[in-house]
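> Sequences and hints are given; from them, build the entire structure.
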Amino acid sequence: MFLTIDPVLPDDAAEMLKAGDQVMITGELLTARDAACGRLAAALKAGDPLPVDLAGRVIYAVGPTPAKPGQVIGSAGPTTAARLLPYLEPLLKAGVKALIGKGDWPPDAATLFARYGAVYLAAVGGAGALIARTVRAAEVIAYPDLGPEAVHRLSVERFPAFVAVDARGADLYRQARDRWRRGR
Amino acid sequence: MGDAQPLKPKEPSGRASAPLSPRLVWVDDIRRTVARLLVEANVAIGEDVLNALRQAAEEEESELGRDILRQLVANYDLARRERVPACQDTGLTIVFLEIGQDVHLVGGDLRAAVDAGIRDGTRDGFLRNSVVGDPLGRENTGYNGPGVLHVDIVPGDRVHVTVACKGFGSENKSRLKMLTPADGVAGIRDFVVETVDRAGAQACPPLIVGVGIGGSFELCARLAKQAVIRPLNRRHPREDIRRLEDELLEEINRLGIGPQGMGGIRTALAVNIEVYPTHIAGLPVAVNIGCHSNRHMDAWI
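Quick mapping for you: the protein sequence lines, in order, are chains S and V.
Residues 1 to 184, numbered by our numbering, are exactly what the first sequence covers, in order.
Residues 185 to 485, numbered by our numbering, are exactly what the second sequence covers, in order.
These are computed hints drawn from the structure, not numbers from a lab.
None of these values were measured; they are calculated from a predicted model.
Where a beta carbon is used, it is the ideal one built from N, C-alpha and C, also for glycine.
Simulated coverage check for chain V against chain S, where a stretch passes if three residues somewhere in it have a Cβ under 8 Å from a Cβ of chain S:
(1) 308–321
(2) 378–389
(3) 426–439
(4) 442–450
Encoded structure:
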């Protein structure tokens with residue numbers, strides 16, 4: 001399924017996506033991992049203005065390597081999403097409609113995605129060089145002092161991901177494990 | 185380490201074996217070696233891991249799992265070809281130095297040379313600055329150092345340098361437990377499998393699982409690190425340990441976590457165990473979780 005983000009996720013998109021769907025994303029992503037999510041959540045808590053409006057946006061949890069000469073961006077695969085759990089609700093409340101990362105979440109997270117009608121998309125962890133090829137432009141737009149953890153605006157074309165938690169709270173990881181588990 | 189331990193101490197040999205003069209090794213050679221190994225380890229994933237991934241891609245029963253494994257192989261091929269880091273988490277740099285006791289290190293401070301090597305390799309290889317200078321203050325040091333340095337003094341007049349780049353998605357899922365002698369092999373088995381089960385999808389499976397058994401609290405963790413960077417085609421010299429590795433791998437692969445946690449029969453590529461003598465009251469066991477891009481490289485000076 002193709003997803004266009006321009007620069008927000010279309011209103012009906014989150015509803016349509018089902019856990020297990022493969023998607024190809026074209027459009028604009030914002031990057032934020034541990035340190036940037038922490039700052040965004042702190043700003044939201046304090047009622048301070050945000051460096052970028054999060055309503056409808058898609059956040060990609062990544063800290064890329066520096067671009068080599070001639071490259072748009074260095075390697076840029078997903079980081080573990082579950083570490084962002086303390087910041088998840090404030091971000092969803094601020095309007096974030098999708099988060100891209102890798103790995104499963106504790107059970108509470110699925111409830112939050114369902115409550116806010118948002119989705120969690122998983123990209124392939126460790127495929128940083130391959131994924132970087134889908135990035136057409138990259139620019140730091142906030143918190144440059146955080147280095148690789150700064151907020152970047154990425155323009156991507158056919159970025160591959162799986163719907164891992166959908167807006168009804170269905171969880172691909174749990175389904176997968178129920179299906180394949182043989183021992184214990 | 186890893187060989188069956190003798191039940192009595194070795195006698196050190198006498199003065200007759202002492203060389204007339206030590207061999208001089210310039211720390212700048214160590215700096216350059218660390219820099220080169222750091223870049224190479226990040227762009228060129230080892231053949232042992234690549235072969236294991238290719239084999240897993242054939243054996244995996246989940247179609248999605250096979251597809252993911254093929255993407256990982258394609259990613260590693262691309263990284264090698266274009267000389268870019270295979271993964272954006274270029275890791276915390278762990279350096280093991282085995283320094284021959286007949287070596288005299290000259291030309292500067294050893295630790296500073298290692299960190300300068302990490303700085304140079306990070307710059308030359310376009311690696312990520314992934315280190316904060318203080319675990320609480322959390323300000324990025326901006327040069328990807330300092331690294332973690334383990335030094336051993338060994339017989340001989342050479343220096344063996346091993347550089348491992350440890351991503352923290354997997355490092356975070358590692359655990360250590362001080363078991364008691366009564367817990368035995370069954371206790372070890374439970375702890376290792378439980379640790380992988382808890383790591384689940386987050387540590388970038390298929391995993392390489394490093395297990396340290398014995399020693400003291402801190403040595404056990406180090407054994408697990410040495411186990412995780414042992415090449416997958418170099419098996420443990422002891423038959424009983426090899427059997428335990430095989431049994432643990434089989435049990436882990438029954439967990440169903442699969443490639444990237446999306447289900448399947450290939451949750452781990454290997455379980456590597458290292459052992460060391462321990463106290464009569466204890467049975468420490470440490471599990472160092474390694475992701476599929478198990479990056480390490482070594483050289484002799």
